[in-house]
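I would like the entire structure built from these sequences, with the hints used as guidance.
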Amino acid sequence: MNTTTQIPENMELVYQYPDSMTKTYTHYCPGCVHGIVHRLVGEVLDELDLREKSIGVAPVGCSVLIYNYFNVDFVEAAHGRAPAMATGLKRTNPDKFIFTYQGDGDLAAIGTAEIIHAANRGELISTVFINNAIYGMTGGQMAPTTLPGMKTTSSPGGRDCKIAGYPIKMSEILAQTEGAAYITREAGTDIRSIRKLKKAIKRAFLTQIEGLGFSCVEVLANCPTNWNMDPWESMLWSKEQMTPYFPLGTYKMREEVKALKV
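Per the numbering used here, residue 25 is the first one in the sequence shown, and the count goes up by one each step.
Think of the hints as simulated: they come from the structure by calculation, not from any bench.
Possibly wrong hints are sitting among the right ones.
The calculated lysine-lysine pairs, modelled on DSBU-like cross-linking and capped at a C-alpha distance of 35 Å, are [claimed, not checked]: (1) Lys77 to Lys220; (2) Lys186 to Lys263; (3) Lys285 to Lys186; (4) Lys282 to Lys77; (5) Lys120 to Lys186.
Only a predicted model underlies this, so the values are computations on that prediction, with no experimental measurement involved.
Written out as structure tokens, the structure is:
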């Protein structure tokens with residue numbers, strides 16, 4: 025596919041496809057936030073000149089095919105094991121930039137141990153964590169982040185916290201580890217939050233580049249298909265229902281990270 029952009033002589037190019045991304049037709053559902061976050065990651069990789077230095081670790085979940093969208097090296101991890109694979113990649117290739125991209129089922133369920141211990145060890149890796157409160161790829165089952173009373177295919181009567189426990193708050197947990205340098209929860213549901221999200225991703229990536237410790241950006245997202253909503257309705261639901269339970273904000277930022285120019 026020809027990716028060259030032809031610009032008339034009398035026009036200035038102000039916005040274009042990131043070099044770190046491929047022009048691939050999306051497999052995501054209409055209105056899904058994954059596409060927005062992919063774009064932001066691609067822009068940051070370009071801006072930090074990381075394309076030739078990066079190795080991404082793909083998860084199991086809706087974003088299992090993430091390697092199709094990026095013009096960087098990628099490896100595929102077993103379900104939940106992306107932080108463990110990223111640890112090995114970084115320790116054996118310390119000159120490379122290593123990032124994982126994971127959903128709530130991958131990171132907060134089967135991969136809970138891997139992400140907590142990677143953060144606690146202060147591994148020099150960066151994680152982008154998509155929290156849409158449901159298992160998207162496998163049919164909309166209850167996830168560790170499913171809200172109380174929220175209906176899913178495996179909790180048709182709504183999540184009963186007396187039986188299933190409460191939604192797990194990963195950013196708050198990771199922020200308690202000694203090795204974590206930057207932990208934040210952002211959103212991708214409107215223009216203002218998307219701009220803040222990009223800055224957070226850039227700060228997380230710079231945290232690794234400067235050797236300051238583990239970094240993670242949690243993103244409150246939507247799932248129109250499994251929430252049985254249209255895209256706009258799902259965006260509003262994420263803001264109105266998820267944010268109160270998962271408050272946005274920075275949960276840990278070392279002074280050295282704060283001093284980074286983003």
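Evaluation of the provided hints:
A hinted pair counts as satisfied when its Cα atoms are at most 35 Å apart, and Lys77 with Lys220 qualifies at roughly 25 Å. As the CA atoms of Lys186 and Lys263 are separated by approximately 25 Å, the hinted pair is consistent with the 35 Å bound. For the hint pairing Lys285 with Lys186, the CA-to-CA distance comes to about 45 Å; that exceeds 35 Å, so the pair is violated. For a cut-off of 35 Å, the pair hint linking Lys282 to Lys77 stands: about 24 Å separates their Cα positions.
The suggested pairing of Lys120 with Lys186 is violated, with an alpha-carbon distance near 45 Å, which exceeds 35 Å.
The earlier numbered hints that this structure contradicts are 3, 5.
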